[in-house]
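Listed here are the chains, written in short residue letters.
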Amino acid sequence: AQSVTQPDIHITVSEGASLELRCNYSYGATPYLFWYVQSPGQGLQLLLKYFSGDTLVQGIKGFEAEFKRSQSSFNLRKPSVHWSDAAEYFCAVDPTGGGNKLTFGTGTQLKVEL
Amino acid sequence: NAGVTQTPKFQVLKTGQSMTLQCAQDMNHNSMYWYRQDPGMGLRLIYYSASEGTTDKGEVPNGYNVSRLNKREFSLRLESAAPSQTSVYFCASSEGSGTAVTGAFFGQGTRLTVV
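Protein sequence lines correspond, in order, to chains R and U.
When we follow my numbering, the leftmost residue of the first sequence carries the number 1, and every step to the right adds one.
When we follow my numbering, the leftmost residue of the second sequence carries the number 1, and every step to the right adds one.
Take these hints with a grain of salt, some might be off.
As the list claims (entries may be wrong) - Facing chain R, from chain U, some residues (calculated, C-beta under 10 Å):
| id | residue |
| --- | --- |
| 1 | Tyr33 |
| 2 | Gly42 |
| 3 | Phe105 |
| 4 | Gln108 |
Simulated from the structure, these hints should not be mistaken for lab results.
By construction, the Cβ of each residue, glycine as well, lies at the ideal position given by its N, Cα and C atoms.
Pulled out of the complex, with its shape left as it was, chain R reads as follows (with noise of 0.2 Å):
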């Protein structure tokens, strides 16, 4: 079945570290790929997109992507977290390409040590 998965569930890491959020989706051909974040009591943002073309793609906030279709990932990173990058991260696909039926995973709650 065709699905989108985040496999973790919550992540804790050190303000400066470095942060990786896994995504992997189940998909015959590359869907389109996006990152979504949402703050407590938000909507979610939109951080960044891939399409086709180079396989690392820069969003806002400072955060990166990478496609890898040889593993079906398209995993999210931050060379140094923020305080404020605490939140929940959602992986969402498109396989259509029509950008009209994304399916999102269940989201990564990232929390923050100072």
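Given the coordinates of chain R, assemble chain U onto it according to the supplied hints.
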């Protein structure tokens, strides 16, 4: 910029009551969506509208109806609310296809409790 505006922000309903969640976007996007968010389940698509005048079911449409009133507005109606519909509801909009896809822009959400 207002972006995507949802009303109300909070609502408590009794089982069997009906209500309509309103959503409006000012980005001139063609596509609009309704999602529900439940703990541990991410966001699930209820209905979407690819363009004015069209609507389609998503993953969890049962118990809901939608209306794409015009290009700006997309409402979600619960005809007879059930406790299982207790959730946070998000409206979103997007534009483009292929490499022009913007990604979805989300409203702030409506927290609905059905008692």
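Here is what the structure says about each hint:
With a cut of 10 Å, the hint placing Tyr33/U at the interface with chain R holds, because the nearest CB-to-CB distance is about 8 Å. Look at Gly42/U: its Cβ gets to within about 4 Å of chain R, closer than 10 Å, so that hint holds up. The restraint placing Phe105/U at the interface with chain R holds, with a minimum CB-CB distance near 7 Å, inside the 10 Å limit. For Gln108/U, the interface hint holds, the least distance from its beta-carbon to any beta-carbon of chain R being 5 Å, beneath 10 Å.
Violated hints are absent here; each numbered hint is respected by the structure.
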